[in-house]
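Protein chains: 2
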Amino acid sequence: MEATSYMFGPYKIDKKEVFYSTDFSYALVNLRPLLPVHVLVCPRREVQRFAELTTDETSDLWITAQKVGKQLESYHKASSLTFTIQDGPQAGQTVPHVHIHIIPRKSGDFEKNDEIYDALDVKEKEMKQSLDLDKERKDRSIEEMAEEADEYRKLF
Amino acid sequence: MEATSYMFGPYKIDKKEVFYSTDFSYALVNLRPLLPVHVLVCPRREVQRFAELTTDETSDLWITAQKVGKQLESYHKASSLTFTIQDGPQAGQTVPHVHIHIIPRKSGDFEKNDEIYDALDVKEKEMKQSLDLDKERKDRSIEEMAEEADEYRKLF
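Chains A and B, in that order, give the protein sequences. All the letters of the first sequence, read from the start, carry residue numbers 1 to 156 under the numbering used here. All the letters of the second sequence, read from the start, carry residue numbers 1 to 156 under the numbering used here.
In short, the hints are calculated from the structure, not lab data. Check before you lean on any hint, since a few could be wrong.
Where chains are identical, the list cannot tell them apart; a pair therefore holds if satisfied intra-copy or between any two copies.
Stated by the list, open to error - Keeping only pairs whose Cα atoms sit at most 27 angstroms apart, straight-line, the calculated DSSO-like set for lysine-lysine is: (1) 112 / 125; (2) 125 / 154; (3) 125 / 106; (4) 128 / 112; (5) 15 / 112.
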């Protein structure tokens with residue numbers, strides 16, 4: 001089921017940035033990637049908090065995240081995955097639409113493992129700022145993002 | 001469905017530490033809590049990686065996490081939740097059994113939000129060390145953990 005665009009909180013996401021979708025969820029490349037690979041999985045329905053999702057949406061979201069994580073880990077020859085939901089502002093959420101961060105991990109990608117989270121937190125803030133300023137897509141061009149999404153779309 | 005004990009990787013978890021369980025998942029208080037509240041949700045079946053879970057297990061695990069998070073957030077008058085899976089050693093996993101960290105969050109609980117993750121990472125390592133040394137439960141007594149679990153059990 002493909003839409004022509006998707007909403008991520010108040011922001012419109014071009015379908016070119018979306019590389020996988022189901023009835024309830026979609027996976028998009030990140031505007032400000034943390035490592036070369038860092039994607040988001042969101043429910044199609046805009047809700048801020050994880051607890052607002054129905055059981056069908058919750059199941060679908062995580063089965064999607066599982067599938068996406070597995071494919072990207074293998075494709076990028078990684079060996080582990082970080083999955084995080086910053087669920088609510090006091091947990092670092094900036095865009096008020098549930099989203100799972102998925103980051104394939106390799107030995108030595110960060111000097112200390114926990115640095116990934118510092119970086120994640122900074123990126124979440126930057127993502128919001130970027131989306132706010134994003135009329136001109138100064139971060140990554142839509143072409144660049146579309147290219148990454150095209151590449152991942154083939155995996156599913 | 002209640003078992004007399006649960007396995008967490010190679011470690012036996014006393015049912016007193018478990019405050020909620022379903023056919024596929026269980027929730028336990030943490031041996032080395034990060035904040036006063038920090039619990040884990042695990043699949044009953046011992047698998048190391050998230051992708052090894054069946055769709056039924058995956059759905060149940062996250063519906064359980066959603067329920068546990070919601071109840072603990074409200075009970076502890078928090079306003080957000082951190083959910084994380086460190087899926088594999090390169091993501092900081094120490095015990096080779098899938099587990100979701102759930103941490104209710106409040107304004108100002110950490111000076112900077114990302115400090116939660118530094119702390120999480122340290123705690124994951126300490127948890128492993130503790131479980132390894134844990135014959136005598138030097139961290140938190142079984143009584144103390146049982147008390148916390150009793151308190152949470154009433155919420156479900």
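Q.
My question is about residue 125 and residue 106: at a cut-off of 27 angstroms on alpha-carbon distance, are they close within one copy, between copies, both, or neither?
A. both (24 angstroms within a copy, 18 angstroms between copies)
Q: First find the shortest C-alpha distance between residue 15 and residue 112 inside one copy, then the shortest across copies, and answer within, between, both or neither for a cut-off of 27 angstroms.
A: neither (35 angstroms within a copy, 34 angstroms between copies)
Q) Using 27 angstroms as the alpha-carbon threshold, which applies to residue 112 and residue 125: within, between, both, or neither? A) both (21 angstroms within a copy, 12 angstroms between copies)
Q.
With identical chains, the pair residue 125 and residue 154 could be close in the same copy or across copies; at 27 angstroms between alpha carbons, which is it: within, between, both, or neither?
A. neither (30 angstroms within a copy, 37 angstroms between copies)
Q. At most 27 angstroms between C-alpha atoms: does residue 128 with residue 112 qualify within a copy, between copies, both, or neither?
A. Classified as both; 26 angstroms inside a copy, 17 angstroms across copies.
Comparing the model with each numbered hint stated earlier shows that hints 2 and 5 do not hold.
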